[in-house]
Structures are given as C-alpha cells and as structure tokens.
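In order, the protein sequence lines correspond to chains A and B. Per the numbering used here, the first sequence starts with residue 313, numbered consecutively. Per the numbering used here, the second sequence starts with residue 5, numbered consecutively.
Since the hints were made in silico from the structure, they are not lab data. As the structure is a computational prediction, the values presented were derived from the model and not from experiment. Hints are not guaranteed to be accurate.
Said to hold, decoys possible - Just the calculated beta-carbon pair ranges, DEER-fashion:
id : chain 1 : residue 1 : chain 2 : residue 2 : range
1  : A       : Gly-739   : B       : Val-864   : 26 to 36 Å
2  : B       : Asp-621   : A       : Pro-327   : 53 to 63 Å
3  : B       : Asp-589   : A       : Ala-517   : 51 to 61 Å
4  : A       : Gly-519   : B       : Phe-882   : 52 to 62 Å
5  : A       : Lys-587   : B       : Gln-842   : 49 to 59 Å
6  : B       : Val-888   : A       : Pro-557   : 51 to 61 Å
7  : B       : Pro-475   : A       : Val-389   : 40 to 50 Å
8  : B       : Arg-643   : A       : Val-389   : 46 to 56 Å
Ideal Cβ positions, reconstructed from N, Cα and C, are used throughout, including at glycine.
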Amino acid sequence: MADPKGFLNITRELPGKRDIKERVADYQELYVEFSEEKTIKQAARCMDCGIPFCHNGCPLGNIIPEFNDAVYEEDWVTAYDILSSTNNFPEFTGRICPAPCESACVLGINQPPVAIEHIEKSIAETAFEKGFIRPEPPTTRTGKKIAIVGSGPAGLAAAAQLNKAGHFVTVFERNTRIGGLLRYGIPDFKLEKWVVERRVALMEAEGIKFKVNSNVGENVDAKKLVQDFDAVVLTGGSTVPRDLPIKGRELNGVHFAMDFLDQNNKRVAGDRILKEAAILATDKNVLVIGGGDTGSDCVGTSNRHKATSVTQIELLSKPPESRSEETPWPLWPMMLRTSTSHEEGCEREWAILTEEFIGDENGNLKAVKLVNIEWKKDQTTGRNSFVKQAGSEREIPCELALLAIGFVHPQHKGMLEQLGVELTDRGNVKDNKYQTNLDNVFVAGDMRRGQSLVVWAISEGREAAKAVDEYLMGESMLEGKNDSKLIHA
Amino acid sequence: MSIFSIKGKWSSNEFNLIYMKQQQKGLYVPSMEKDSCGTGFIANLNGIKSHKVIEDALTMLQNMEHRGACGCEENTGDGAGILIQIPHDFFKKKAKGIGFVLPEFGKYGVGMVFFPQDKILREQCRFLLNDYIDELGFELLGYRKVPTHNEEIGPSALAVEPKMEQVFVAPKTAMDPKKLERTLYILRKFATHKIFTTYPEVKNDFYITSFSYKTIVYKGQMTTWQVRPYYSDLHDEDCTSAIALIHSRFSTNTVPRWKLAQPFRYVAHNGEINTIMGNLNWWKSKADLLESSLFSKDELEKLDPICGENLSDSGNFDNVLEFLVLGGRSIPEALMMMIPEAWQNDEDMPDYKKAFYEYHKTLMEPWDGPASICFTDGILVGATLDRNGLRPSRFTLLDDGTLIVASEAGALEIDQSKVVQKGRLQPGRMLIADLEEHRIITDEELKETICKRKPYREWLDQNRLTLEDLPSPQEKVRRSMDKASLYRGHQLYGYTKEDMTMILGPMVSLKKDPIGSMGTDTPLAALSNQAQHLANYFKQLFAQVTNPPIDPIRERPVMSLFAMLGGARNILEPGPDNAKFIHLDHPVLTNESIAKIKHIYHKDFKATTINAVFEADGQAGRLEAAIKHICGSAEALVRKGHNILVISDRAANSKFAPIPSLLATGAIHHHLIKTGLRGSTSLVIESGDTRETHHFATLIGFGASAVNPYMAYASISNLLQKGAIDKQYTLDDCIAIYQKAIGKGLLKIMSKIGISTLQSYQGAQIFEALGINKEVIFACFKGTVSRIEGMGFDGIAKETIIKHSLAYPSAPVPNPRLEVGGVFQWKRRGEYHLFNPQTIHLLQHATSKNNYETYKKFAVLINDQLEQACTLRGLMDFRKGSPVSIDEVESVENIMKRFVTGAMSFGSISHEAHSTLAIAMNRIGGKSNSGEGGEDAIRFEKKENGDWERSATKQVASGRFGVTSYYLANAEELQIKMAQGAKPGEGGQLPGHKVDEWIGRVRHSTPGVGLISPPPHHDIYSIEDLAQLIFDLKNANRAARINVKLVSKAGVGIIASGVAKAHADAILISGHDGGTGASPLSSIRHAGLPWELGLAESHQTLVKNKLRDRVTLQTDGQIRTGKDIAIATLLGAEEWGIATAALVVEGCILMRKCHLNTCPVGIATQNPELRKLYNGKVEHVINYFRFLAMDMREIMANLGFKTVNEMVGKVESLKMKSNINNWKYKQLDLSPILYKESVDETVGLFKKVAQDHGIDEILDRKLINYAKPALEEGQSVSSIFKIINTDRAVGTMLSNEISKKYKGVGLPKGTIEFRFRGSAGQSFGAFGAKGIEFTLEGEANDYFGKGLSGGTLIVVPDRNATFVPNENIIVGNVAFYGATSGEAYIKGMAGERFAVRNSGVKAVVEGIGDHGCEYMTGGLIVVLGDTGKNFAAGMSGGTAYVYDAKKDFKDKCNMEMVEFDKISKENYKTLQTLVRNHFSCTSSNVALDILNDWEKAKKRFIKVMPTDYKRVLEQNKSNKKSAIKKTVVAASIKWS
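With the rest of the complex left out, here is chain A (with noise of 0.2 Å):
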C-alpha cells in the first residue's frame, strides 16, 4: 500500500490553472504543470482500503489503490499496467470524468479525497512519455471480421478489446474525423483533441482499420455489412436532442447546443463552416438552457467567442453547496458544482422555467421570457412538481439561446430501423447483455443505456467486446470487469 500515514499529512492538491484572461484567449486545456513529485505526494493520500469504495465508484472498475500504489512506489510502469487492464482511454477519462470514484472515496467521508483523477491522467501521460505505450498488435488473428459502428468511446473500447482478442475491426464513422462525442462535442479547452489522435493512430498501428465519411444505413448498406461482417457493434451513441417546443423555437439564433460545440470543434480543427450556418456567440447575450456540463461547455465556448453576456439556466432547484443528506456518502452527491467553465463568467439561475423565445421582426432572437418557478413535493404520491411564481415573469435579452437539456435517444432513422433491431420503451436498443435481437448485432454505449458519461461508453464498449468475443470464440480471454477468470460454472 502506498503510505499509511500520508492522508494523515498530506492535504489535497490538484494542479493550477491558467489565469481566466489568458485562457479564454485560447482553445487549449486549462492546467499548468504539475510536478511528478506533488503528484506522488498526493498518491500517498491513498489508504489502501479494506473495501475501496471508489473501486466500486468507478463505471469501469478502475483498481484504484493498487495503481496509486505503484505511483507512490514511483513504479510507472506497473502503474500504468494496473490502470490499463480496465481503462483502455485513461486520457480521455483522466481529463473529463466527472470523476465518481472521488465522491465515493473513503477519505472523502471527513476529508478532501483523493486526488483520483488527477492521479490518473499523470499515469497515461507519464506512459505516453516514456514510451510504455505502443503498438501491441495481437499476435494471432482468429479471421473474424467485426464491423463497429461509431467512434465514439463506446465504440473505439469495443474495437479496441476486439482487436486484441485477435479479431480483424473495422470502424464505420459517418463524420470525417474519429472520436465522436469525444471529438465533435467536448470542447478543446477540456480535451485537445491531439489526445484522441494519438490513441486511434496507436489503435490503427494495432491493426484496426478506420472508415471515415460511412454512414452505415446511408452510403453503407446496413444489412450487407451484417452479412459481411461476423459481428456487427452499434455504438452510434444517443444522438437525438431534447427540444423544447415552446413558442419561438423556430426563430434564427435558438440552437442545440450540440450543434453549437460540434461546430466549434470543428472550427477549432481547422475545418471551414458554411458561412450562413455559423453559429457564433460573439457580441451576443447568450442563454444556455439547461445546468449540466454540456451546458457548461456552451458557456466556456461563448465566453472565447467573446459573447457579451453568457446566462445559464437550469428548471431544477439549486443544489446544496456541499453534499446533501439524501446522497450521503459514498453516493455520488447531489451539490452545486462549479466548472472551469463557470469560473470563466457567467450568471447561474435555478428553478427558472423558459416560457417563450421572442424574435424581431426578421424572425432573429432578440429575448427570452422567463419565469420563476417553486418545486413541491407531493406527500402522498412522492412526486416532485412546480408552481410558476406570480410576477416574476421576465424578459432578457437574448441573441443566442441554447438547448442543453440532454438528449432523448439514439436516431432511428436510418440504420437502425434498416436492420430492424428492437427498441426499448425509451426508445434506446434492447439487449440482453449486449447482444441485440439479430445474432450478430451487438450494442454498446449510449445507443443502449442512453445518454450517459464517457466513463460508461468505455465500460459499455469493453463489456460489449467481451460478448461479441464469447460469441464468436465460445469463450473469451478478454476481461470482464466483475467476472474473475478463476470463477467456475
């Protein structure tokens, strides 16, 4: 174990960040060196629990106290191996997880937890450095070809895993770069996307083949490539968003947000945006619609087009300032957070409903009318509803509204209504354990879970991998996080 008495000495650290001026001015991510030793430092807050809460915390089973062990034993190797065998992104993770094993941590009971995350990405990146990291093609094919389709966590864990169980992969990715949700919605300033084009040239070194611009259920035949393939992954994610169908929904200036970031990212990328299609934040009242880190994103991309106010909203009530009573620990917490985002300038309301977007007279958005609105819990049934306050309607003015209020489900049009795969009630792909209806299709990702983190995409991909590798081998040697190999029948 790492120290045992480091928590008792140690406070937690986390790296700086760049002055808000400085940063705002620049798409890149927002913290500063941190040096090896302080990041040793804060690996020997790690108490090697009895029952590591935040290796139950974390989707993907990540064995915390063991890689926080090599670390304080400076053993960046063994490190690295430790956060691979669940991890197969631990950069992706170790910059944009909202990190739920720090919630669950035990030292989190009294007392800062540990710097988990932060521990993370430092080993991936001490990895990548140092040159742990290369090309591991597996050594024998088994001449299975597997299709996936999306390259979004989900997608790239699962071709990732299948590829080392010796599998020919071939990604289908209907936009022109890789990464999606990873590439097209979080914005640089969270995760530079040089980090995802290492990982896949890495994945392509391996032996996975990359098919850009092939939109599977459009130009790529969706049942010809179940045939062809002897097992088809759907990780297309959870692409449709949430509208809000209020009055002035139709008026220029009121987006999706996804539309927004995608955009940007693209734009960050170096790709030319059809001029009228632009959507820029730049001198103009921005209202993002919605609390949740996609909205935080929308207001750090505002704040560097140099919008000239940025308003967050969010229905919901404001959270506690710390951990409420109804998520004790080790449960993630219900709390008001604040993001590098928010820090960056913005106003934050709560409990305010959007009652109407108001345009001018060439149907562009000039503002918003809002209200305030009070939740109240229904004692018999439990059912939380709200009130609209008398009198606190208002106006804002507003250039630039953006949805940000999640998305419903993945896009049916197209391939999966080609394949005919069953749908659940919400409208996600229906599984059981990951196979879909069709022998051969297999689902991961938010396409089955709907929308959800990162962190679970990876989880689900991997799992997924484990699945397909069953089927087609009669068994796999791939790993399953909750299942140990020495468990028998």
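With chain A's structure known, arrange chain B on it following the hints.
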C-alpha cells in the same frame, strides 16, 4: 464406494463403521472426547506393604474431588480408581473361601474383568476367555465375583455397570516372572481381540482392566468418594500394598464409560495428548516393522492391534507404553522415548542425553501435549511431566520412606515434622522410586544410566547425514523463471495478485506472516465460486480449555522444527541402523536441497520421484484414477526399497494438470499406512501450489517430511527484480527470510494446538475438513473430521482444471494478468464479501436515518445468498410454521435484552467508539463487553443524564490486564475468553506506541511499554483448571454470571459440556470469522469453524448430556440480520453477539487497518487527531438493535413462536434451501447441523437451572463473618483458621466485600489480619483486596495470589517442619498471575511461572521454577535463591532482583527483552527494605544471612530490567510533567 476398498487392511465395512461412528447423526464426534484429572500415588520406598497405603491413597483421592467432575447427576462421577500391588495374602484367603488354592506370589496372574450385564453374553465371553486361557498355556484356577456396593452410584452409571470378576490363572509349566507377565499380556490382548471379533456387541461392556501377577486396578464410573464404599476389597485389612496409584477423572463427556476410568495398567495420566491421531497413524506404520526376541512372530500377531481407536488418548498411550515395557525396555526408558524432554535447544544438556533423544526421535515421535503421568510396573513407581511442565505435580517424602506424589500438595494430611523433602516435578523431569532398591533415583542418575546403555552418539555420528553431507547436484539449479513461465506457473497453481502483494511480498519484507484485522466475511472455500486451493478446505484446530496453546516465541526453547528423511526400522531392538537418517533443520527445502535429495547416491538412501499429475481433459474420474496410480507406484517403489519418495508436480504441462499437492501427499501417506509400508519411507513434496504457511502446515500435517515450494521462490525472485522487495537483499537472503518466516508460522500453527515439535505435528492431521466428501476423506485424509460432506475427486479436478486452462488457454490472452484475489480486500473481480460497498452503505444509511425499510434492503442483500453463497446459514431456509399474530410475540424491548456486543478492548478501539457501544447497550438492557484491556474506573459511575459507560460484561483474558477485585466487582457478567475467532490459540501484542497514558493506566502498565497477552491462560491448562477459575471469579463477584467464550471447532460441543460441568453459567460459541484488531492473515482465514457448526454441536451435545438447561448459550461471528439471529436461536442460542456490524453503524468502513492505528473514522485508533473524526451515535446503534429485534419478531410470528425461549433449539423449523443449483455446494449435507437430539420432555432445552457453584459453605463465609467489624466499620480484626487443600480461593469473596464497599481504594493495609495453618487449596488470596493480610503457615497450591489487588500474603512452613525452606517447594505453580498490586513474602520455594504477567506486586521468595516473571509488566520480584530456566521471557516491565549465589543465573535468563542493569544506591535501599520485611514477616534464615552480611551479599544480586521499560522510565524522569499526569482516577473514595 471408496477407491481403496480392495487392498490393504481397511475393508469397506470398516470404513463404513468408522464413518458411521464419526458421522453419527448430529455433530457430536465421540472420538473428540477429552478428559483431565487429578492423579497421584503413595508408595513405601522400603517396599513394605500395608493397608494404610491404600487407605491413605483413597483419602487423597477424595481430597481431589474438585479435580474431577460429575455429570448431570451429582452421584455419577466421570471416573475414579486405584492401582495397587497384588494383595497376595488377601487373595489367598478369598480363594480359599471360594474353593481354590493360590500358588505363591509370582506364580499366578489375576485378571480384573468387566463382564457384560447380560447373562448370556457374559457366559459366552467367559467361555471364550477360558478357551484362550488354556490356549496360552494357563490353567484356570477360578473366578471370583468382586463384591461391589453400588447403592451410591448414580443412575446413568448404574445403567451400564459391568459385572466384575477376578480371574486367577497359573502357567501350566513354570515361567520366570517376566515371561509370566508377558504371557498374561498376550492372553489379555488376544482374548479381548477375539471376543470383540466374535461378539462385536460387547465392545463397550467387556474389558479387562488389568491382568498381571504384580498389579491390579480397581476403577469405575464413580466420583472419588464412591471408590472406597464400592469396592469392599479395598477396606479389608489384609488388602495391602506398597504402592497405590490413584486417579480422579474430569471428562468432558457424561456418556458413562466404565473402562475409560483410570488408572490404566501402567499409568494414570493427567493431561491431553494433542498429537494422538498422528501417533496412532505412525504406530500403525511401525507395527509392521516390529521384530522382537521377546515376542515370537505368532505372539506379535496375537497382540495386534496394540493400540486402537476405541480408546481415549491416555488409554492408547498406556497401550503403547505397556508394549514397549514388556518388549524389553524399562518403564522410564519407554517414557523418555514417548515424552522426551525439550532437548534440541538446551545448551546445558549433557551430550549423552542429547544423543539418546536424537537417536530415539527416529524410533518414536513425541506424544505431545500437557501431561503429568504417574506410573508403576509394580516395582518401580514414579511420575513424570511433559517438556513444558503444563501440569502440576507435587511430592513429599517422609522420614519413614513414604513418598507421596499428587497434583496438589496437602491432599493427605501429614505430620509436618516427618517431612524430609517437599518438591515439585519440573518440566520433562522424572521422579522414580525403586522399591527393590528402597530409594528414590534422581532424574540425573536415572537418565544417565539409561542414556549410556548404548553408544547412541557413536551410532549417530557414523550413520546420520545432513544435507551438507550430500554432494551438490551436477545440473544447474534454477530459482527464477522467465516471465512467460512464471505467469504460466502462477496461473497453473492458482496464484492471485494478493498472493504476491499481500502474502509473499510482506512475508519477506516483514520476515513473518502478514497481519490483518477485522476478521473474514468471504465465503467458506466450500461455498466460494472461485477455484480454491485445496488447503482452504481444511481448518486448523486449536487448543482451548482442555489443553493449553503454547507461546512459540517466548517459550521457543521447547519448540523444534527438525525433520528427517529416510525409513524407520524396528523400534524394539535399538541398533546402529536406526541412526540412518538425513537430518533437516527445518522442513522448507531450497531448490538446491531438493535436487540433492532427488539425486542422492548413498548406500543407505534411495530416492525416487513420483509425478503427481493427471490428464487435464476434464473427463470424470481422471483425478481419482491418477491418485490410484500414484499410490500404486508409491507402494511398488517402497517395496523396492526406496526410502525417500519425492512427490512432484513439475511434470505438469498442457496435457497434464498438477494433482493438488495436499491430495497427492495425503493419498500416498494413507495408502502406505494401509499397506504397512509407511514406516519404511519418507515423503518429500516438490510443489508449485505451496506458498502460504497454511499450505505447509497441511502438507506436513498429512505426512510430508519436507517441502520444496519452487513457485514461491520464483515469485520472490520476481518481486525482488521488480523492486517490490528491498534491494539490499540478495535472492539468497530473501529465500532464507522466507524459509524462516514459514518456520515461524509453522511454530505458531503447531503451538496453537499445543504441539511443540514438528515431528509430532507431522501426520497429526489436526484439521477439520469442510466441504470434502467421505470418499476423498477416506482415501486421502482418513481420520480427519469432515461433517458436512461436499466435493469429491471430480470437483477437486474441476477446480484444478480451471487453473490449468488459465495457464494453457485455448487462445492467446490479450492482457495476461493474475486475478486480483480479493480475499483480504473487497475487489469487483475478487472474492465475495458480506460487507461490500452496497451493504455498508445501506446499513449506515438505514441506522442513521432510522429507516427500517432501508435496513430491510440491507438484510435482503445479506440473507439472500442464492447467487453467491457465503455462509452455511445462507444455505438455510425456514420451514413454514403456523404463524401467530405479531402482537402475541414478545416485545422488541425484551428481545433487545438478549443482545451483546463483542469483546473489543479499549486499546483496540477508541474510548469514543467503546463508550458509545456501552451506553447504547446499557440503554437497551443488553450487554457491552469491556474486552481484555481492563476498564477505566470512572466508567463505573453513572453519568448525570443517567447514561452508563460501564460495560456489563467484563472480560478476563490471558493477559489479565486491569483485572482487579474492583473491576470484577463491577460486572453483571464475567467472561473468560478461552479463544478468539480470528486467532484461536494465539496470544496478542499491544505495541508500546499504542499504550498511551490512559491505556497504560487502565491496564496497570507503563505507558510506552508494549504488552503481551500470552496464548494460554496460565491458570488454565486443562478443564479442571477452568473450573477453578470459574470458582475464583464466582467468589470475586457472586452476583455476576460466569461466561466462557469458546471458538467453534470440531469437538467444541464436548468442551462446552465440560465447561457446563465446570459450572459456567453461560457459554459463548464464537465463529471463526469474528473481527480482530490484529491477527496473522493465515489465522483469520484458516483457523476455526463457522458458528453454525459449533453452536449446533454444542447445543446437541449439551442436550444429549442433559446439561443444556444449566447454561445460557450465546453465539457470535458476522451476525448481521434478524434471519441470522433467528437461525442462531433455532440452532440453540438464546443470546447473540454483534460486533463488526455495530462498528459499521458507528462509522466503520472496514479499512482493515486497525493494526496500523490509522483508522480514518476514529474507531480503531488512539490517535487523538483521528479520534476527533469519530462520528458514531448511540442512537444509531440502538436503531440497529431495534431493527434486528423487529426483524426477529416478524420471523418469530411467521414461524409461530411467541417467545425466544420456546424457539431455542427448534431446529425442525430450519431446512436446507431446495433451490440450490451450484455444482459445488449443492453437494453439501447440512443434516448433521439440522439434527435434533431426541430427548424426553424433562430435559431442558434452554437455561432454566441455576448452577451450583459450591460457594455456600466455603471458608470465606466464615472469614467474612469474622471480618464484619472491618467491613462495616473499618476496624482492625485478626483471627486464626485451619485450612486444607479443598479450601480454595480463600480470601476472594472477602475481598469482593471490600471492593463493593470501599471500591478501588480498599481498606488500610493490614486491617484484616488472618492466619491460616495447613495446606491451602488453589488460588489462595486470589484477587485479594487492599486491607487483607493473610499469613499461611504450611504450604500453598497453584495460583497463589492470582490477580492480587493490594492485599498482603505471607507463607511460612509449618512450625513443626524440619526441612530447609529454601530447598523445598512451599507454593505451587503460577503464583501472582495477573496480580496488579500488593505484597508477598514466601519463606520457601515456589513452582513454575512465578509472577507471570504480574503488573504490580512486590514479592520476596526464596527460589522459583522455570519461566519466572514471564510477561511481567510491572512490580518488583526478589528471588533469594535459585531460579529455573527461561526467566524473564516476554518481560516488558517491572524489576526483578535475583540473589545469584551460585553464579549461574546468566544462563537461565531469557535476555531477549531484558538487560542486567546497574543497581543504584536507591535500588539497594529498596532491596534491603524488602529483604528486611521478608525477615520480619517470616523469620527467614536466608534473609537473615543476607542482611547480616549485607555489604558482601548485596553484590551478589543481579537486577533484571526490561530494556524498553528502562528506556521509558528514563524518558519519564526527564519529562516529569508526564509523570504527574499519572493520577489515579479510581480513587473516588478516600480513606480518612
């Protein structure tokens, strides 16, 4: 069907018989019965026969009544008897009366025969007996009905009372006496064997107690008082003898067996042979090698079997001794073979003696265990003690040549003026009186003669080899492996990451078995879904109550790890050939060593390798066939003369899987025993699956001599390369450290069950199997207790093949990594744990929010073990009952009174955590437990708000920390902790850094100085000792109930019965899985059994013995839900203990770091910063107990029980779940657990009857009466009383009266001045409070001044005694054990373990035995004469001054923890004062001489000072502030 039914001596019938016998229906295993006793003899050195000798011996027997016991009826004893010389004149007279004439003495033999009650059977037996008398060349002179008077015998004993007759035979042709005795022996054996074969139904009824021309035994199922009236022969004036050997039995059983009463033919044994299973197996393997000039082949066949399983350990011991003696050895020589002294590490032992023992170890492994044996062959009479001196034996020699030996002094009243010598037997020593030579032969003389009879040293020198003598092998021996081979090997042999990082790594870094905490909540091996190591199915057994565990560290001199290779030879004829063996220092072989052995080329040794592998194609029957094959090979190879067999799994490859080394070893071991070849060879194991201490222990326990763990070495090499082990070590260093650590671990495992030598442990099979079926047991582990069936060969193969397929996967593995293990920490892919992130969260949430619904969710997760079984109870379900309305069920409040929290000491957990539990339990009327660390007296007073931090249960553990009269007075219950689930049979250690001011004060020790809890209670080496401690404690607090804490294991029910007979009021059966502050991981996992087994066995056995209604049964061990407590109740418990779950409610999150003092939630820590983080609440704890009671109540209503009492033991309401599909555990058979002992309605099934503690008419009642003015008014009183050895615990009840009134402060010194004259019984002055001053004129027995709490004790010899006091024993063993304060002056010598664990008494004594001042933590001891060996072992505090007149003290002192300190002026002053006090109290001549010559004499004193203690005292001196802090808070009452 067994696979070995054809060949060999065990027929399948026999198998079934043994199995049935073992299995019966419930859990009770008769072969686990134990007994223990009082014993002694009277002999006239001059050989003058008299009736008085017999009379006196019977009186002595009566005075040891308290060492025996009676069962459920007070007039049915456990057995008593007497052995005397043949009373020739008496028999002559009687024979004449019947009508036959006896020849002269020495020309005829007398058999004392127990015949069956049934007349027809009796005559049939007689008919046969007569035939054999004739066949063996005897003439039948006649039978004589032995007159018996059974009026006083209890009904149970009466029901099976045999008909007793004496048979007189004379040789048809004259025989010399020795031949006569031998032939009578053959007659007895042969006739008994034949009669048993012809009439198997008389096995329990036909018995010949003795058949000899010299001696005769009168014995039976009686109390000591019944022997005399029962046998009128014994009070005939003509009945004379010069020897009378007596025995009083305290058995754990009450099923009467007349024949198990003692004495046997040669011995009366007090103690227990721990290694009996191994001894019997080894004997079997030696029996085929026997050749003798005294017995013909035909005669040897007639004798066979010489010993058997139908007897007690003592009975078997007697049988082997008898054979050796009649086979030509003298009785002392035979005893030296069977119970050798601790010779290996004794540097002072003369070489001839060492050579004798070393030579004889090849002939016989020690029959190990506590033993005080009195023996006689009719001419020689004597006594001996085991190597550790674990039983008392005192002797007195009178001037008329009468020698009296007994377990106690003063059992026979004697004229003190006639005493020539008083002494005690020392460990390993022998006392012999030769009635023909009319003298006592000293141990030295006797042994010198015996040892020099043959040139043993020469024989050894010429024949014995060591590994160093063997040439190195030519091929290069490799230890490391390349990465791929290592990985493959790891997978093949089931290594997990934990094995590397938590076992092997730490074992090298810490140089010992790694430590853990918090118990275990993973599935039993039999229930685990993960493929197990076969050894995990075997649970280590351990000593509790009936025999003591040993401290392998502090008492290292008695321990040994030697092993040897080669074949055994005929043990009857000593010669040079027997010295042909290879000596090993320890059993862990390096790769070089095993290569040497494999390639040995030597005329005396032939080694060969057996490949233990089986085809890995997964087909059924493969493993069984392979086992059969290797057994066959082994047999053939041994027949060809191979005397070393290497069982190796190195031949495993992609097609062949390794046979688990334990299975291969056990199979070959037992096959060779069965074929009579085992003695001719030795087994060496070369195995990849051996890494942990427990693996070694199982291999050795099932017959291996030595083991080569090559994968462990390769793994260590890998760890070293990876930098996981300190780089300063070379691989050689690491391997040496690992070997040492394994050795230490083995010593610990052996010592747990009280075995001192590896040789005796080898093959002793001290395990219980859990989840292995009878075929496997019979073929490979015969004789091992296995009660719930389980896996067979194919199952074992399956688990092996899983590992094999990981090593040789069908496809390349993308990420080759070892599995996590997850046994010691919860891991997603690891072993299942009952407490996991989900259940911890739900429990904490439920109790903090007072939400019963959430609790229910938690309970479902714990109870529902369909997917993942974890506990035996998880496989159980309730049967449908006839529900009653919940309103009719007794209230939650009532049920809550039955809850207790587990024993956790203040020290292991913080004050905050400890007192939260206490307040909560006091509020609900349950009991919290102080644990073993004492309790701060401020907690005895209630708080202003009515809350009470006092623990209702006060624990008395082996360390006796803070156990004072006042502490004992403040309890509702006193719990004697015999064992702890997480580390049964082990002691503990509180490191100095944890002993802060507060803990030090509460424990009566010095802050900063480490404290050791010894493995045994040094006042409980045996069951009658426990009875004594129960008696002591009952005297110390009459209002408290006495609870004895046991740990579940096979035979615990039998022990529980013994404990009930020892008058405990309550018995706690603890599961193996309970929590701990610190314990070796191997103990946490591998020692002890689940409470389901132990509780059910205890309940069944208590009911069977009609003792159940005398005791309250409690159980604990990972109890978490209402279902758990309901099952516990149905299996027989009426109270339930909960500890870990209660801690979780307080905030514990199972860090399992208690031993590091870093608990981050302030529970298991003393760090003030961390304690601040404690956030537990009394209310939350109460919520939890209320939920449990509510849950229980719902179950009760469903099952139809209105009260808990009516539910106790109603096991018919339980069944095994029917929907179990798991291939492994669906084969388990829980029916023995669910068995109900059928008894009639009069037999109580729960506690109803109060125990009779026998304290109504004791001497203390008188003392209290006389002390009234002192007790009531504080006035001084003085008086004189007569005292005898049955007056026990004198002064204890009186002290309780003082403590109740005057609290910890007591009365002023000497307020109560009482004098006693005579022989004081055990525990004189125990827990004597301040204010008493007792002067004893005469002598005292064991446990003198136990727990002395401020009183003063003085002992002087009787005024008429003429012996020299300082050369004679006047006080018994284990004086001042756990004493905390007071003074004592002893004019004379004391026995072994003087002032053990003393923490405050100042005492002066004129000489002591071995192990003086052991574990002492405080106080001041002055020894004015000799000390025995191993002085100051484990002494961490206090000071001792030894007057070293002979200048030999240095060699006797164990210098590990102490140094000889300079004596300062101040010291001299103190010393002089004490010697002066001694003189003024006792008029000691020794003291006088020293004082008269002080300036010279004072220089002869040596000051023994613990190093740590000295350091801390010096620190304190420099920091006076901290010294001032040490205020005594207990002083709430001040005397004015």
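Results of checking the hints against the structure:
Between Gly-739(A) and Val-864(B) the beta carbons are some 32 Å apart, a value that agrees with the proposed interval 26 to 36 Å. Hint check: Asp-621(B) to Pro-327(A), Cβ distance near 56 Å, so the stated range 53 to 63 Å holds. Roughly 56 Å separates the CB atoms of Asp-589(B) and Ala-517(A), a value that falls within the hinted 51 to 61 Å. About 58 Å separates the C-beta atoms of Gly-519(A) and Phe-882(B), a value consistent with the hinted range of 52 to 62 Å.
In this structure the supplied range 49 to 59 Å holds for Lys-587(A) paired with Gln-842(B), their Cβ-Cβ distance being about 55 Å. Taking the beta carbon of each, Val-888(B) and Pro-557(A) are about 60 Å apart, inside 51 to 61 Å as hinted. As the Cβ distance of Pro-475(B) to Val-389(A) is approximately 42 Å, the hint placing it in 40 to 50 Å holds. For Arg-643(B) and Val-389(A), the hinted distance range of 46 to 56 Å is satisfied, since their beta carbons lie about 55 Å from each other.
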